[in-house]
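Novice: Sequence:
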Amino acid sequence: MTHISSLVARIKNGETTARAQVELAFQKAQDNHEYHALLSLTKERALERATEIDARIAQGEPVGELAGVPFVAKDNFLAFGAPTTAASKILENFEAPLQATAIEKLEAAGAICIGKANLDAFAHGGSTENSAFGLTKNAVNKDKVAGGSSGGSAVVTALDIVPFALGSDTGGSIRQPASFNGVVGVKPTYGMVSRYGVIAMASSTDTIGCFTKDVSDAELVMKIMSGRDVRDMTTLPDFFEPREQVAPGRKIGLIREFMTEDVDADVRQRTTEYVEKLRAQGHTVEEVSMPILKHTLGMYYIIVPAEISSNLARYDGIRYGLRAEGVKTLVELYGKTRDEGFVTENKRRIMIGSYVLSSGFFDAYYMQAQKARTLLVNAYNELFNTYDALIGPVSPTPAFGIGENAEDPIKMYLADIMTVPASLAGLPALSVPAGVTSDGLPVGVQLIGQRKSDANLFALAKSMEAN
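Under our numbering, the first residue of the sequence shown carries the number 3, and numbering increases by one thereafter.
By construction, these hints were calculated from the structure, which means they are not laboratory data. Bear in mind the structure is a predicted one, so any value in this text is a computation, not a measurement. Relax, there's no trap hidden among the hints.
Pairs of lysine to any residue residues, derived as SDA-like cross-links and limited to a Cα-Cα distance of at most 25 Å, are as follows: (1) K253 to Q283; (2) K225 to N15; (3) K225 to A468; (4) K215 to N34; (5) K349 to N95; (6) K454 to A249; (7) K338 to S360; (8) K413 to E347; (9) K413 to S311; (10) K225 to A111; (11) K225 to F241; (12) K225 to S206; (13) K225 to T236.
FRET-style restraints, in silico, Cβ to Cβ: (14) G442 to G62: 47 to 57 Å; (15) E94 to K45: 18 to 28 Å; (16) G442 to V232: 40 to 50 Å; (17) S312 to K373: 15 to 25 Å; (18) N383 to G337: 43 to 53 Å; (19) K45 to G251: 47 to 57 Å; (20) T346 to K296: 23 to 33 Å; (21) I412 to K373: 22 to 32 Å; (22) A22 to I412: 47 to 57 Å; (23) A366 to E409: 28 to 38 Å; (24) D145 to R233: 38 to 48 Å; (25) K91 to G62: 45 to 55 Å.
Each residue gets a CB set at the ideal place from its N, CA and C atoms; glycine is no exception.
Turn these sequences into a full structure, and let the hints guide you.
Specialist: Below, the structure is given as C-alpha cells:
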C-alpha cells in the first residue's frame, strides 16, 4: 500500500506523473466496472488538471500537498466535469453551477477528482440499494451490500481505484460502509468541514468525511478540508492540528450496550481483540453503560426525516431538475414530478418527516426527540469527564446479503443503531478495520471522542495501526 504522501513525492520527483496516475485510476475504474461503484467519470477535466500540475512541476513551481492524487467524490457533492445526481432521477442531468468547498480545498492542494460515486438516493439508506441507477456491490464479496449511503466511495477506495474518496455521514453513512469494505472511514466533529455545495440530507447531523486505506492518509485529507467557511455558518474555526503520538495511559470506555448477545459473535470477537491490543499498549479500557442509547434510533428517525422533508421541498419540478410532462395544474406538476423523481425510501422519509412536523404532532414527537437529544449529549459529556475516548463496533453485523433487508425498512434502520448516537451528539468518530469474520467479511471498530477531539482520535488510531 502506497501512502498519499509517498505518491505525491514520486510525482514531484519525476518517478511518475499526475497524468499517469489519473489514467491508471481510469483504467482501474474500467477493470472494476462490475461493482457499479461509480456513476460517472470526469475524464476531460481530470486529464486537463493533471497536465497542468505536471507542467507546474516541470517548471519548478510550487504544488500542493496532494499534487496529482486522484480521488472520487460521492455524487451528492457539487463538482464540475460530470452531472451531480445524488443518485436520483430527479437530478439525473443536473450540472453543478459551483463546486463544494471541500472539493475546492482539495483541488487547491492539487488533488484531481476523477469521478462521482454511487450512493443511496439523496443519501437515504444503509446499503446503496436505494440508488435510482442500480446498487453497488461489496468490494470483498459481490453477493453482499456495499453499505451506505456512501457505498460507492467505500468500494472505490477498497478496490484501490483511488487513494481516497469523499463521503457524507449523517447517521453512519461513512462509518458503516467503511466497516463493510475494510477501509478507514472518518466522521468528523460536526462543523469541522464545510457542508457548502453538498446536497443536504439532514442539516443538523450532516458531516463531510473521507475513506482511505490507512489512518495517516485520512488525517491528511481531513486537515486539508477542515476550517471555517463564511458560506456555511455552522463551520467551526480551524481547530484540527494533527498529532504524531498518543501517550500510554489513555482511559477508554467500551460501550456495554454495543456488545450484547444481539450483536454478531464475530463482530464482538474482533472488537474484543482490538480492545486487548489497546490494553497491551498501556491504555485502560473499562466497560461503560449508556442506557439512553436504546432511545437514539427513535430520536434519529424523528429528527432526521423532519429535516429531510424540509430539505427535499425544493425539488418541485419548477426551478431545476426533473419536470414531469403531461400535467395540467401546478399541484399535479408537483405531485407527478416528486412521484417520478423520488425512490420509495425518499418518499417514506418525507412522509414521516411531514407527519412529525404537522400541527398536533410537532410537540408530541419532534420536540420530545430534540429534548431527548439534549439528554444524549449530556450523557456523552458525563462519560468524557472520565474517559478520553469510547469504543464499540460500527455495526451489529458484517455486510449483509444483497436484497436481505431491502423489503424491511425497520431491519435496515437497525443497522445504524451504533452509528446514529455520535451523529446526534455531533461527535467525531472513526471506523477502523479490526479484522475479518470467519466468512472473510471485514469488521470495523468505532472510536468516538468528545467534540473537537478529532486529532486525539487520529493519534490513537495511528498508534494502533502501527502495531
